[in-house]
Amino acid sequence: MSDASKGLSLYNTLTRTKDAFVPIDPRNVRMYVCGPTVYDFAHIGNARPAIVFDVLFRLLRHLYGEAHVMYVRNITDVDDKINARALRDFGAEIASGKLTLNEAIRRVTEKTADQYHKDVAALGCLPPTVEPRATEFVARRADGKADMITLIERLIERGHAYVAAGEVLFDTASMPDYGELSKRNLDEQQAGARVAVDAHKKNPGDFVLWKLSSPEEPGWDSPWGRGRPGWHIECSAMSAAYLGDVFDIHGGGLDLIFPHHENEIAQSRCAHGTDVMANVWMHNGFLQVEGQKMSKSLGNFYAIAELLETETFGGRKWPGEVLRLAMLMTHYREPIDFSVRKLEEAENTLRKWKRAADLAPAAGQVPAEVVAALSDDLATYAAFQQLTQLAGEAAEGNAAAAALKASLLFLGFDVASADVDEDGVAKAIAKRLALIAAKNWPEADRVRDELLAQGVQLKDGKDPVTGERVTTWEVKR
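Under UniProt numbering, the first residue of the sequence shown carries the number 1, and numbering increases by one thereafter.
No lab work stands behind these hints, which were simulated from the structure alone.
Just to be clear, a hint being listed does not mean it is correct.
Pair by pair, the computed Cβ-Cβ distance ranges are [what the hints assert, rightly or not]:
id: 1; residue 1: L452; residue 2: G315; range: 18 to 24 Å
id: 2; residue 1: R333; residue 2: G97; range: 48 to 54 Å
id: 3; residue 1: K293; residue 2: H68; range: 38 to 44 Å
Remember, it's a predicted structure, so these values are computed and weren't measured experimentally.
Every residue, glycine too, gets a C-beta built ideally from N, C-alpha and C.
Produce the entire structure from the sequences given, and follow the hints as far as they go.
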């Protein structure tokens with residue numbers, strides 16, 4: 001089968017077009033996605049790229065074979081925010097000599113990295129093929145894989161970087177087409193426009209590759225003194241170490257286009273002498289919470305763990321697969337409004353699908369229509385329409401139920417039986433009875449309809465002794 005016949009098309013931020021995906025080597029399809037900076041627990045905005053690119057990973061494995069797809073997602077464990085968090089959480093122990101700063105940093109990053117792994121697993125995400133840590137790729141490596149110090153040296157040798165005021169900086173003017181990804185040219189890089197303005201820079205847009213560390217800061221020995229890398233050079237080194245100088249797909253959030261991904265491209269292309277770093281650049285859209293930008297000042301900043309484990313959003317905990325479906329109900333490139341209503345819709349939809357899938361004793365084949373929908377730039381909404389159609393056609397042991405079960409597994413959802421939350425049903429019935437007592441018939445009907453959508457049918461009657469209204473319920477497939 002030729003690559004073109006696989007039918008996968010992806011939107012490329014670099015070209016602003018949706019084109020047929022043709023891998024460099026169909027026996028080694030390579031994807032890199034920017035992972036978390038582990039100074040704090042991942043928030044719900046961080047969940048979106050994890051879920052989106054997990055779906056793409058699953059699709060690529062389906063099309064090309066599991067053994068022929070390499071997915072690299074890094075962990076950034078060297079960062080000034082991490083240093084600050086370590087000082088905040090372990091300042092007293094550091095001051096007393098019980099911990100070194102490096103030991104405190106390790107405690108911060110291990111705890112947050114472990115929580116991230118727990119969170120994304122709960123969201124149904126597969127582990128990436130490789131998950132490198134930035135600290136492992138700063139100094140020269142015994143195995144010969146790409147490292148940050150060697151890349152910086154190469155950039156200096158080729159006239160793309162310079163040393164000034166204790167820093168090594170990338171010379172943006174040395175790259176004629178700098179800004180191609182974000183469509184920003186150097187003339188637009190005016191002082192104060194999202195770039196730091198320092199006297200030692202040749203151009204306002206020049207960015208740090210290496211900076212010196214004080215004795216109290218973590219650092220590595222280098223030709224330019226003991227220091228630590230800039231943010232952007234980390235991903236250039238880690239992607240090259242596992243995927244080579246040029247690879248197939250680079251992904252991340254829309255907020256990373258500039259400056260992070262733009263600067264990754266500049267470093268990598270100039271260090272390796274290539275025309276591109278990755279052939280396809282993919283970016284997921286922004287996330288709002290209940291119609292507002294997510295921020296701690298607005299009180300709508302939610303960690304993934306909070307949503308999974310506490311009742312801070314909508315007064316209840318949310319299963320990971322519900323969060324996953326809610327994210328995928330909006331096309332990955334579109335902005336998403338993360339809301340209680342959306343989660344409720346996702347939960348009801350998932351419950352219907354799982355009840356129908358439970359009619360099949362085993363999974364069948366993923367339908368070609370589902371694969372075709374996802375192959376059109378991850379058109380998850382179109383794929384979900386196919387799942388809803390299969391759920392409507394499902395019957396005990398038939399092909400539609402088996403195909404639905406296979407599709408849910410393929411998309412990262414559990415196919416265990418759809419159990420009814422009896423405590424939740426009891427609370428909903430009590431709420432409806434209170435609404436009826438208050439003669440709020442529209443809201444009472446809404447509660448009844450929501451339960452029916454979950455497969456719970458109510459039956460009203462009277463207590464034969466007291467004459468009071470009583471409500472019983474049963475599960476309807």
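Status of each hint after checking the structure:
| no. | hint | in the structure |
| --- | --- | --- |
| 1 | L452 / G315: 18 to 24 Å | holds (22 Å) |
| 2 | R333 / G97: 48 to 54 Å | holds (51 Å) |
| 3 | K293 / H68: 38 to 44 Å | holds (40 Å) |
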